[in-house]
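The hints should help you fit chain B with the ligands onto chain A, whose structure is shown.
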Amino acid sequence: MSAPEILPPVLPATDRAPLTKKALTADHPTWCPGCGDFAVLHCYYRALEKLNYPHEKIVTMAGIGCSSRFPYFVNTHGGHYIHGRSLPFSAGVSLGRDDLHVFVFGGDGDGFSIGGNHLDHVARKNPRLTYVIMDNFVYGLTKKQTSPTSPIGFKTKTDPTGAFDQPINPMRKLVDSGATFIARSHATQVNHMTEMIMRAAQHDGFSVIEILSECVEFYPGAFDSSVPRKGGTFGLIQEKKHDGTPEDAARHDTTDEVAAYRLASEPWPGLFGVFLDKKRPTKNQLEADLIARARERTKGASDLQLLQSTFARLR
Amino acid sequence: MVSPNPAENNGGSALPSAEARALNDVVIRLAGNSQDGIQTIGGFLARLAGRSDQDVMTYMTIPSTISGGPSIFQVRMGTGDILSSGDQADFLVAFYQHSYESHLSSLRPGGVLLYDADHVKPNPDDKRFTAIAAPITSGTVEAVGGSSKDKGKNLYVLGLIARVFNLDVVKLSSLVKERFGGKTEDIVRNAMLAFDAGYAWPADNVRDCFYRFNPPTRISGRPQVTLDGNSAMTYGLIAAGVRYGSGYPITPWSSIMEMLRAELPKYGGLFVQAEDELGAVSYALGFSYSGHLAITGSSGPGLSLKMEALGWAVMAEMPLIVINVQRGGPSTGMPTNVEQSDLLQALYGSHGDAPRVVLAPRDVEDCFYIAIEAARIARAYSTPVIILTDQALSSRIEAFDEPDLPALMVDPKPDLSARPADFKPYPLDRITHHAPPGSRVGSGVYPTVTGLEHDELGHPTGSPQLHTKMTAKRREKFKTLAATLPAAEAFGDTEGDVLLVGWGSTYGPVREALARLRKDGVKAAQLHLRHLNPLPPGLEELFRRYRDIIVVEINDEGLYGYGQLATLLRARYANPAIRSLTKTDGLTFKVSEIVTGVTKRLDRATTV
Ligand SMILES: Cc1ncc(C[n+]2csc(CCOP(=O)(O)OP(=O)(O)O)c2C)c(N)n1
Ligand code: SF4
Ligand SMILES: [Mg+2]
Numbered sequence: 022m023s024a025p026e027i028l029p030p031v032l033p034a035t036d037r038a039p040l041t042k043k044a045l046t047a048d049h050p051t052w053c054p055g056c057g058d059f060a061v062l063h064c065y066y067r068a069l070e071k072l073n074y075p076h077e078k079i080v081t082m083a084g085i086g087c088s089s090r091f092p093y094f095v096n097t098h099g100g101h102y103i104h105g106r107s108l109p110f111s112a113g114v115s116l117g118r119d120d121l122h123v124f125v126f127g128g129d130g131d132g133f134s135i136g137g138n139h140l141d142h143v144a145r146k147n148p149r150l151t152y153v154i155m156d157n158f159v160y161g162l163t164k165k166q167t168s169p170t171s172p173i174g175f176k177t178k179t180d181p182t183g184a185f186d187q188p189i190n191p192m193r194k195l196v197d198s199g200a201t202f203i204a205r206s207h208a209t210q211v212n213h214m215t216e217m218i219m220r221a222a223q224h225d226g227f228s229v230i231e232i233l234s235e236c237v238e239f240y241p242g243a244f245d246s247s248v249p250r251k252g253g254t255f256g257l258i259q260e261k262k263h264d265g266t267p268e269d270a271a272r273h274d275t276t277d278e279v280a281a282y283r284l285a286s287e288p289w290p291g292l293f294g295v296f297l298d299k300k301r302p303t304k305n306q307l308e309a310d311l312i313a314r315a316r317e318r319t320k321g322a323s324d325l326q327l328l329q330s331t332f333a334r335l336r
Numbered sequence: 010m011v012s013p014n015p016a017e018n019n020g021g022s023a024l025p026s027a028e029a030r031a032l033n034d035v036v037i038r039l040a041g042n043s044q045d046g047i048q049t050i051g052g053f054l055a056r057l058a059g060r061s062d063q064d065v066m067t068y069m070t071i072p073s074t075i076s077g078g079p080s081i082f083q084v085r086m087g088t089g090d091i092l093s094s095g096d097q098a099d100f101l102v103a104f105y106q107h108s109y110e111s112h113l114s115s116l117r118p119g120g121v122l123l124y125d126a127d128h129v130k131p132n133p134d135d136k137r138f139t140a141i142a143a144p145i146t147s148g149t150v151e152a153v154g155g156s157s158k159d160k161g162k163n164l165y166v167l168g169l170i171a172r173v174f175n176l177d178v179v180k181l182s183s184l185v186k187e188r189f190g191g192k193t194e195d196i197v198r199n200a201m202l203a204f205d206a207g208y209a210w211p212a213d214n215v216r217d218c219f220y221r222f223n224p225p226t227r228i229s230g231r232p233q234v235t236l237d238g239n240s241a242m243t244y245g246l247i248a249a250g251v252r253y254g255s256g257y258p259i260t261p262w263s264s265i266m267e268m269l270r271a272e273l274p275k276y277g278g279l280f281v282q283a284e285d286e287l288g289a290v291s292y293a294l295g296f297s298y299s300g301h302l303a304i305t306g307s308s309g310p311g312l313s314l315k316m317e318a319l320g321w322a323v324m325a326e327m328p329l330i331v332i333n334v335q336r337g338g339p340s341t342g343m344p345t346n347v348e349q350s351d352l353l354q355a356l357y358g359s360h361g362d363a364p365r366v367v368l369a370p371r372d373v374e375d376c377f378y379i380a381i382e383a384a385r386i387a388r389a390y391s392t393p394v395i396i397l398t399d400q401a402l403s404s405r406i407e408a409f410d411e412p413d414l415p416a417l418m419v420d421p422k423p424d425l426s427a428r429p430a431d432f433k434p435y436p437l438d439r440i441t442h443h444a445p446p447g448s449r450v451g452s453g454v455y456p457t458v459t460g461l462e463h464d465e466l467g468h469p470t471g472s473p474q475l476h477t478k479m480t481a482k483r484r485e486k487f488k489t490l491a492a493t494l495p496a497a498e499a500f501g502d503t504e505g506d507v508l509l510v511g512w513g514s515t516y517g518p519v520r521e522a523l524a525r526l527r528k529d530g531v532k533a534a535q536l537h538l539r540h541l542n543p544l545p546p547g548l549e550e551l552f553r554r555y556r557d558i559i560v561v562e563i564n565d566e567g568l569y570g571y572g573q574l575a576t577l578l579r580a581r582y583a584n585p586a587i588r589s590l591t592k593t594d595g596l597t598f599k600v601s602e603i604v605t606g607v608t609k610r611l612d613r614a615t616t617v
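Sequence order for the protein chains is A and B.
Residue numbering for the first sequence follows my numbering, starting at 22 and increasing by one per position.
Residue numbering for the second sequence follows my numbering, starting at 10 and increasing by one per position.
Source of the hints: derived by calculation from the structure; they are not laboratory data.
C-beta atoms are modelled at their ideal positions from N, C-alpha and C, and glycine is treated no differently.
Careful, some of the hints might be misleading.
[Unchecked claim] One side only, chain A facing chain B, incomplete, derived with CB under 7 Å: (1) Val80; (2) Asn96; (3) Gly100.
[As the list claims (entries may be wrong)] Chain A residues, not near chain B, derived (Cβ > 10 Å throughout): (4) His101; (5) Gly117; (6) Asn138; (7) Thr177; (8) Phe185; (9) Asp197; (10) Asp225; (11) Val237; (12) Tyr240; (13) Gly252; (14) Gly256; (15) Leu257; (16) Gly291; (17) Lys300.
Only chain A is shown next, with the shape it has when bound in the complex (with noise of 0.2 Å):
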């Protein structure tokens, strides 16, 4: 979007030193311990090692919630903003800066419930940018409310008896959303986390994760039916490998919308992965195609001579 020579010259990689664990940690998490957050935390450390690009050039922001505490842990250029609104605020970083590495971090009602329309606009437009959803079913920073992706039943101070709102289901939201890159892990699958957020921020477009992470305060154990050690089943994903052979025609399509669809209506607790990659024109290159045409039919006029010739057709 901005132009090239606004920017400061970076370091080619092998110049710089490598980003590590240490000079990506920033004040100690308030988290309570056990909370699934933490592993959260860890795996986009990891990720961000791995992935090493320059350290000035990572953004990471967040809404309001437990799990919108996130920038603070981290030492990277960052923003906590106000509830359930960091999407657009981050599409805004992406578009005004297409240099810059965003990752956006929130709770479910951070993203499904207040945030829930920012989340459905920001997602059809396919800006570049990572979103973290650490969904643990309830409200935890303002201490055990009903939140969107509670089950029925589940009681907490707003619905004592028992939520009986019907439950929104995240992975469909998002595929009908637009988004272009959805996946989903578990806070206890650090491998798997880590390559989900690699992925994601490797995909050219809006990428979001949904990730499952426990609140040992006020809904533990929501889990565990997905947590092999305590009797449950960590299912995968099984992604088409185009290898022709007969067993890849039962694997997933990740292009496939329909089948995202379909794979995000499984009985809980559902499938882990990657449900859809894939490919759309992304809003940082619709918008700087918009200006390569504008600038052509401007022939490379400067901006003071633009205003000009505009104030010269208003004598």
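Chain B with the ligands alone, transformed into the frame defined by chain A:
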């Protein structure tokens, strides 16, 4: 302001009738349906005035239905400064019976009524006006012919007006050609046929009705430009180096976002139409955070939706420009009418102690310059700046000196320089300067901008001392700003009976009212505030020099009898001489309303 203002010198006339009377300025009201293109003729007249070194101000109503309907376009043009669009019309053009009936009352006695003889049957007993019956519809049909029916009757009327007011036909026809230049030759030809037919219509039978304007008195080397307030604001933003923005449609703000969407890509920038105003302000803050000072805007209800994010912008000290084109409220209110009822919302909306800058342009020209000032302040003080313009300013057209662009243009380059090792995002002893991502920090510690109360490094804090200090930091920077503002100056008598205080689009009518009051022997002056938060220095002293201070504004007098600015000034200066003149009819102040209102208040002040 009673016009056509007969001038002293009755010089020779260019017209064959030799009857042309000289005048200073004239108020022409065109009353028809919006689909008749009356805005187009109004626009031509305004542009002609601008090109002829005259002054001009227009006023229009927007029909209440999408498909069009009754609407008016009023043009006041002529020699010297034109400060209002005129209380009464001197010349009324009535296209239809309903136009005649609704707008005859706006015509001053002795004025000229020009009506379409094909549609209007005026009351034959009404002898207050000079009536000219012109075959506007049939004349147009006859001139243009073909299938276009009466399309083009606006240009026929333009021809008539050109004849009556002895306008510069060469300049007018080149304006018409420029306007329709991009279209087919047919369209230009038909337009000129209609224009010529109107011009040639033998109006000579009405020997009374030929005028010519006194020669312009304007002395400025620069050519004039003629445009509306929203356009001036848009170009001001561009001159100020603003390249990024986001908004959501709402009248009368929309035209700014539409223009920015079309213009910014040419300048390498972009404008996002967001899902709603909460998203819009968030995109804009994201742009600002990324290093590009951004603009968002709306009208009344949309400004309310931005308030939570504005609180964040104050806390995180993020530069931002917010334009609010005020309209009648609350709620959907009167979306196509003017009101100045968002002042307190602009100052105090949002939550917590959240000081921010509030500016208001006084006329169309000022819309351009205030956008530049807003951007300068937003950058220098790392703060949101709200510009309160209004519906009247948004759409009215004025002519002003073409700005000196080479001197004004601001480089939009973000500051991505490396920050020193001791960089603090929120230093207590200095004004915050945001370090956008991409800038390296010497210490290797990168800042988190935040809506939580924080220490100098941006870490969240619950410290009572820090909250006190940081609240003061966010407030004190505006005292620093206030000290740099030009001291308040009044126009008129340096002391005396009354100081008329106004803000925003009431500038012109108050200035005209002042002239009338002083002519009547009242010792009076005008103070017009462009900086509403912080207020400029010197007001206390200034207020002491007048027996009465009357604040003129288009909003409600509230429970306690004071409009919004008056409430603010009374709270700030505790001066009991400050009183209010307000109204809530959704229309700009007429000069006569101000004169009457002020006179009444002064009488009461002397008798009580
Ligand atoms: C406008 C606004 N409304 C309400 C709140 C209070 N609030 C803070 S976080 C939160 C919900 C947090 O739940 P979630 O997003 O799921 O995050 P978690 O704490 O569970 O990680 C609420 C309601 C707020 N900060 N701002
Ligand atoms: S309340 Fe729940 S979500 Fe919040 S930190 Fe504690 S365990 Fe984590
Ligand atoms: Mg939650």
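Task: Residue hint Val80 (chain A), partner chain B, criterion CB-CB below 7 Å - done: 5 Å, holds
Task: Status of the stated non-contact between Gly291 (chain A) and chain B (beta carbon gap over 10 Å) - done: Given that every Cβ of chain B is farther than 10 Å from that of Gly291 (chain A), nearest at about 28 Å, it holds.
Open item on the list: Over 10 Å from every CB of chain B: does Gly256 (chain A) meet that, or does the non-interface label fail?
Closed with: 35 Å, holds
- [ ] Confirm or reject the statement that Asp225 (chain A) sits farther than 10 Å, beta carbon to beta carbon, from all of chain B.
- [x] Given that every Cβ of chain B is farther than 10 Å from that of Asp225 (chain A), nearest at about 19 Å, it holds.
Open item on the list: If I take the minimum Cβ distance from Asn138 (chain A) to any residue of chain B, is it greater than 10 Å?
Closed with: Given a closest Cβ separation of 6 Å, the condition is violated.
Open item on the list: So Asp197 (chain A) supposedly isn't at the interface. Is its beta-carbon more than 10 Å from every beta-carbon in chain B?
Closed with: 15 Å, holds
Open item on the list: Minimum C-beta separation from Phe185 (chain A) to chain B exceeding 10 Å: can you confirm that?
Closed with: Consistent with the label, Phe185 (chain A) stays out of reach of chain B, its closest Cβ about 29 Å off (over 10 Å).
- [ ] Find the nearest Cβ of chain B to the Cβ of Val237 (chain A) and say whether that gap is larger than 10 Å.
- [x] 22 Å, holds
- [ ] Could you check that no beta carbon of chain B comes within 10 Å of the beta carbon of His101 (chain A)?
- [x] 4 Å, violated
TODO: Evaluate the condition: distance from the CB of Gly252 (chain A) to the nearest CB of chain B exceeds 10 Å.
DONE: 39 Å, holds
Open item on the list: Interface hint check: Asn96 (chain A), Cβ to nearest Cβ on chain B, cutoff 7 Å. Holds or violated?
Closed with: 6 Å, holds
TODO: Classify the label on Gly117 (chain A) as holds or violated, using whether its beta-carbon is more than 10 Å from each beta-carbon of chain B.
DONE: 3 Å, violated
When each numbered hint is compared with the structure, violations occur for hints 4, 5, 6.
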